[in-house]
Each structure stands twice: as C-alpha cells, then as structure tokens.
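> Residue numbers (the numbering used here), protein chains in the order written: chain A, 413 to 632; chain B, 413 to 632; chain C, 413 to 632; chain D, 413 to 632.
Do not take every clue at face value.
For identical chains, the list gives no copy identity; a pair is met inside one copy or between any two copies.
[To be verified] EDC-like cross-link-like pairs, simulated, lysine to aspartate or glutamate; straight-line CA separation at most 20 Å:
1. Lys474 - Glu610
2. Lys606 - Asp463
3. Lys606 - Asp497
4. Lys482 - Asp497
5. Lys474 - Asp434
6. Lys606 - Asp475
7. Lys474 - Asp438
8. Lys492 - Asp463
9. Lys474 - Asp607
10. Lys578 - Asp483
11. Lys513 - Asp483
12. Lys500 - Asp572
13. Lys513 - Glu489
In case anyone wonders, no lab produced these hints; they're calculated from the structure.
Number of protein chains: 4
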Amino acid sequence: MVTVNPPVNPMTLLASFDAEIDQLIDCGRYFYQRGWSVGTSSNYSSLITRDPVRLLITSSGKDKGNLCHKDFVVVDESGKTLLPDQPKSSAETMLHVQAIKLPHVRSVLHTHSVWGTVLSDHFFDQGAIRISGYEMQKGLAGITTHESTITLPIFENTQDIPSLAKQVDEYMQSATGPVHGYLIRRHGLYTWGKDIAEARRHIEVIEFLLEVIGRRTILT
Amino acid sequence: MVTVNPPVNPMTLLASFDAEIDQLIDCGRYFYQRGWSVGTSSNYSSLITRDPVRLLITSSGKDKGNLCHKDFVVVDESGKTLLPDQPKSSAETMLHVQAIKLPHVRSVLHTHSVWGTVLSDHFFDQGAIRISGYEMQKGLAGITTHESTITLPIFENTQDIPSLAKQVDEYMQSATGPVHGYLIRRHGLYTWGKDIAEARRHIEVIEFLLEVIGRRTILT
Amino acid sequence: MVTVNPPVNPMTLLASFDAEIDQLIDCGRYFYQRGWSVGTSSNYSSLITRDPVRLLITSSGKDKGNLCHKDFVVVDESGKTLLPDQPKSSAETMLHVQAIKLPHVRSVLHTHSVWGTVLSDHFFDQGAIRISGYEMQKGLAGITTHESTITLPIFENTQDIPSLAKQVDEYMQSATGPVHGYLIRRHGLYTWGKDIAEARRHIEVIEFLLEVIGRRTILT
Amino acid sequence: MVTVNPPVNPMTLLASFDAEIDQLIDCGRYFYQRGWSVGTSSNYSSLITRDPVRLLITSSGKDKGNLCHKDFVVVDESGKTLLPDQPKSSAETMLHVQAIKLPHVRSVLHTHSVWGTVLSDHFFDQGAIRISGYEMQKGLAGITTHESTITLPIFENTQDIPSLAKQVDEYMQSATGPVHGYLIRRHGLYTWGKDIAEARRHIEVIEFLLEVIGRRTILT
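Please work from the sequences and hints to get the whole structure.
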C-alpha cells in the first residue's frame, strides 16, 4: 500500500504547513507544562492530504515541551516516513492513521496524563469510562447539552500496534453513536478533531473530565 | 427591549476599551494556566454603559488561554450582539446581564474549575456551600473578618439559560445578605465585582476556598 | 514610639532599595503562580534600617502576582507609613515588625497556601505541626541533619493583630530552640530570614513540607 | 586519588561546556516550576572527562529555578572542587561520582519531589518501589515494553554520604538487571543517563510514575 512515487514531494508539502507545525508545537508546550506529555511521550498529527494519505506527525522520542520544525515527519497510509533522510516516525503512527479514517478527522492528539493512566486502570474491568451530566462535555464536537453520555472505551495496552489499531477499528464500526476518543490501559488518551484546534479542545475537555472523575472518586 | 438605534456605535465604544479587554485577556491567560478555563469554557465581561446596557463580553467558543481583541463582542440588555458582523456572543450572556443588574457590579467572570465542578455536585443536596472561619474570605468585597459566613448557592445545571437567570434573580432578591457568587451544578462558578480587578480577586478567593474545602473533606 | 522626624527621608531610602523591591516582586510572582498568594493575600517585607526601624513592606491589597515598585511602603516600628502620600500598609504589618525583633532577621514573608490553610486547622488541637526526619528540613537556617524536629506553632486566627503579635512574642521568648516560622489557623504561614533569599527559601521549604504532610496523611 | 596536577585547567574546560551548563540550567527551571527542586535542594551534573574524572556539578545551596553559569563547579573523583576560588560543591557530590562509575552514564540528576518524599517513606519497609505494566516505563533507556518491572530501591537517609555511596555501590554490583535510579527515604530521587537529555527524561518518567502510584494508592 506504500505509495512509491508520491505525487507531491513531502518536503515541499512540509514547508507549506508551517502554521500547522506551529500549532502542534504550541500543543506540546502546553501539554508538557500540564504534565500530560512528559518523558518524550505522546504524539501529535495533522492531515495534509487524504488521498493519498499524507500525515504530518511528530517523529519518535522528541521532547514535547520543546518541539521544533525538524521534529516532524510526513508519513503515508502505512505509517512509513516518505523520505529516507527523515527521522523515524513513532511506533504508534498507525493509531493516528486509524483515527483519520473517520471522514471528519484531520488532527489526532495523544497524551499520557497521570489521571488518564490511573483511571484507565481503575475502570478497566468496566470496559469504558462513561461520563454524564457535566457542562464541560459540551466542549466535545456535536454535544449540545450536559444531558448526554460520553463513552471512552478502554483497550488493554499492547506493543502490537496493528492489532490495537484493528480493535479500535472494530469498536468504531460497531459503535452506535459518535466516538470522541479512547483510553489505552495504563497508557493514555487518544482523541481527534476536524482541525488541530478542535483536537486540542478535546484533549483539554477529556483531561479535565478525567481529573473531575478522579477527584470525585476520592471524595466519595 | 433591544435598543434598535444605540446612541453610540458599539465598535467605536470597543476601541475605547482596549485597557479593559487587555485586563480580561490577562484573566483568561491566568485562569487557563490554572486549569479553570480550559476547552474554550468560561466567559468574561465588563460593563461599558449601564443605561442603555452595553456589555463587553467574550464571544462564544474562544480559547481562553490565548484571547485577542477580536474575540470580544458588545451586547445589549437582551444579550444580542449589536453589529451584524460581530461573532455570536456566548449562550450564557444572559447570566452576565443578570449579574450586572446589581448596582455596584461592572464585571462578571465565570470559570469551570475541577474543584468547582466536583464540589457543586458533592454539596448539591445541601443547596449551597457555606464557608466560615477562613482568613481568605476577607478577599471578598465588604468582608472584614474571618468570623463571617459566605454562602455560595448551587443551582441545578440547565441549557435553559433564561430560566436559570430567573432563578438566580429570585435568589438574589430573597437573599438577606450580600451574594458574592454562585455555583451551577457540575458546571462552574459565577462571581463579579465593581471592576475587573475585583471580579478577578473574587474568582481567585473563591477558587482557593473551594480547593481548601475539597482537600479538607478528603483529609478528614 | 513613632519617630516623628525620621533621620532619613523614606522616599530617598526607597529609591536605594530597588534591588530588594525587585527580589520581593519576584517572590510574589512565584508564590502567586504556585497558588500561595492569590486574591491579593500575603505580605512581604525587608528591613532597611534597624535603629530606627525602617521596614520596606507591601502596601495593603495589592495583586501579588504583578507587584510594582509603587506597591511598597516604608513603615516605622509602630507599623505606620512614614509619608502621608504613601498607600496604607497592610493590617498585618505588626507581625512583620514583631518578627524583625529577632536580631538575625531582615526579611519576613507571609503566604496563604491551600495546604497551610487546611493543615493549620487539622493540627490546631495539637498546638503545632512537628516535622521530623525529612531531608528538606536542611533548607532551614541552622539545620544540618534530617534527624531534627521542626516545630511550627499554630495560633488561633484573630483580627486583633496587636494581640496576636503579643502571643507570638511570648511564644518566641519561651521557646527553647530556634523558631523558623509559625502558622495562623485557617490563615497561613509566617517565616523569615537573614535576607530575602533566605526567607524565600524558608517559604519554599515549609510549603513543601506542609504538602508532604498533607499527602502523607491522606495516603495512610 | 586526587589528581594534583589536572592535565587540563578546569576553568578552560568549563568555558567549553556552556551548552551543557545551559541544558542543566533549563532542567533546574523546569524541575523548580514543577516543585521538584525547591528550597535550593537538588543537584545536577554532567561528565566532562572520565579519565581523569572531571565532573561539572551545581555548587552547594543555589536556587535551582534561577541557576547561572557561576553556580557550577568542576570536581574530581574525590568530589573536591579543582580550583581554590570555586564555590563549595554539594555534600552529595559523591553520589554523583558513584553513579558515573556506570560506564554508560554521563549525567546524574537528583530531585526532591513531594511524591518521591512521601512514597520513599510509604514503601520503605518493602525495600523498593516496583513498577510494572505502565507504558511510561518505555521512557527509560533499554525498556521496550510495558511488560517489564522497574525496581527503584529505597535507601535509608543519612548524612554520612560516603557510607550511602558505598551502599548504592553494593546494590548496583549485586543487581541482576539494569538500575535506572534509586530513592533515598524522605529525601528524593537519583537517576542518570548517557547524556543530560536522557537523564532529564528519566527524571520526568520516574516522577510521573511516582505520582501515578501515589494517586492510585489513594484511589483504591
């Protein structure tokens, strides 16, 4: 499935997307400061073209609090970087490629917060965290009232990313309502949006709601 | 009640209030950094003229950590923006209009903190959070001793803002003492002041007291 | 005891202490960011001359996250500001004057943290918080080993500052070892040092130890 | 073992290592902001030459949030500063010298976080904190899967640093797997890496995991 001769040179494409890179750099700076992307964890991406798939994504192992333009690569739909002199893309690239299959999705963000890590374990046996009745839910695309239920499925962690991507695919295809994100057990959160700003808003909203649920659970 | 022909052009007015806008931008930057205004939540306002009502307020859905001058609108007493090319004002504008009916109030601030969300739910059955005996209470206008009781009523959340505004109105008219703010269940805090600085001080004081009550409840 | 004709003009003195004011401004910026001096709470001081007492101190009600040079006043040993056009000094100035009676003390810092507020109440019946066995204790002047005990007495809060100052005086005179600071119930922390840097280090050390004790108490 | 006539002037060496000093300054700024290096606690080092040992290290008692170039010294393998006009190196220098005996280690970082302090006490009787099943573990050098166990031994705190260094030495020599760091009871964390970036990543990863374990313990 690798596009051997991409119709557009990815480096030329990259130069055209300085604004998107700057937005992702700013996401990293904030997420790092909040403790959601420390230890070079997390990956951020933005779709350049959908057909063929050209995805701008953080390369593997970079400090997310201090990203620079050379810390990004362009990958195709198989997750491979498109030029031999580019740094390696993250192992989890295929989870980004999976999420941008959703027709309205153009940006995918992944964070590793303390609350996401703890709660994805605490609620693992229930298969999901269900969140109802909070005003902040309206920060998720398409949600217009707190009288709604957000379901964040929790998948068991694995180093077999293609297998995990397949599980997420199956979950999404069988889901009866919109899926705003998911958790990987003891690992972190994936969410997305129609652009980087929406995906970032979703990270902020879900991380807020996870902290609310964590503190509420301790309080009661 | 819409003033069809406002006596002063709102855009001309807006240009005269750069200092107020800068103050509200700075509120947003701090509240966002503290996690009280993430996910584009919260609204901030400052009164321009009281008769007729011209209220400067954040427009709907803006990133509060990075507000700019064009993210503000001017609304009248019905909550409508005064020029057709202005962005939409927030749905909750009417709660700001409600609060500035208090004769000494010229700024209204609304935040969505984790503790405000959790405690407005935890104490909902008691109808209010009552706070006594803390020195920090003296940061609220008119309070000169810790030997006082602050009552923060909690209203059930609703998407019917006019109905909520009416409940707040009724509460204020029947209150026997000064009302410094209120909580909406699983939603957040409204407070106000004679100017932006005082309203911001009230946010800081009440958010501090909520965190104190949250941690005290866990500790004991 | 008021020095009617101070031998040096306090405004001339003030201009000579720009470096000290800048240090106190920087303390405020950090303490505010940590949530220890929000809502215009807290006061910071630095001794200019001991005989007669000329104390540089934050004036009442200023935003501690954004102090500027005009937010400081010079007071004498009775806590009165020395020039009629200066803003009012804080009501708690006399607690600063009390602390600088200790011969080695030239700076006094007062903070209102969440943990200080909660723990000064939680341990009130024991009269003090006693802290033993932590390496961080070595950050307090004169402490060379974690095998020491720090005692932070807790005084009941009152708006009668002269009475409180007298209680602190009596405590210090009867104390058998060095006193590094004290708590006022549901109010906050006073500590000091031979200069601003040492007083700031003491705030950081004691606030750290209070958070440790708070979290340890929850954990066990 | 002191090299009386070092083959290279340490001040000349120091000037060549501005980039390393800047990296350590940046570590301090971040760790201080996170509350991991307050009250002038913590020490950071980077190896200049291994034979003879020339180690760049923070001098004793400096504010870690605001380090400057003159706050660093060069020490030899006995922990002594190499020029008489240099400030004193930290008492814990010998723990840095101990760690850089590991052939792949060129930077050692030591922090005092609240969670590290609390958990090193809470788990002291078990001799170590064992961490399994978290994705974040992959941020430690050589760890490729969450299905691994990280062991952080806990040593009793002491002011006898040579004795503590000897205990750490013995632990490392008897360890059957890689050692990524250790805790000193009620004191803090030591970790290291092949360069400053790796050592910093290890601090971020381990401090994250300690917070996860602390909050998980409270939650369950």
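> Work down the list of hints and note, for each, if the structure agrees.
Hints, one by one, checked against the model:
1. Lys474 - Glu610: between (23 Å within a copy, 11 Å between copies)
2. Lys606 - Asp463: Classified as within; 16 Å inside a copy, 42 Å across copies.
3. Lys606 - Asp497: Close neither inside one copy (30 Å) nor across copies (25 Å); limit 20 Å.
4. Lys482 - Asp497: Within one copy only: 11 Å inside a chain, 40 Å across chains, cut-off 20 Å.
5. Lys474 - Asp434: Classified as both: same-chain Cα gap 15 Å, cross-chain 19 Å, threshold 20 Å.
6. Lys606 - Asp475: Between copies, since 16 Å is at most 20 Å while 25 Å is not.
7. Lys474 - Asp438: both (14 Å within a copy, 16 Å between copies)
8. Lys492 - Asp463: within (15 Å within a copy, 43 Å between copies)
9. Lys474 - Asp607: between (22 Å within a copy, 15 Å between copies)
10. Lys578 - Asp483: Neither: 28 Å inside a copy, 42 Å across copies.
11. Lys513 - Asp483: Neither way: Lys513 and Asp483 sit 24 Å apart in one copy and 33 Å across, limit 20 Å.
12. Lys500 - Asp572: within (17 Å within a copy, 46 Å between copies)
13. Lys513 - Glu489: within (10 Å within a copy, 46 Å between copies)
The earlier numbered hints that this structure contradicts are 3, 10 and 11.
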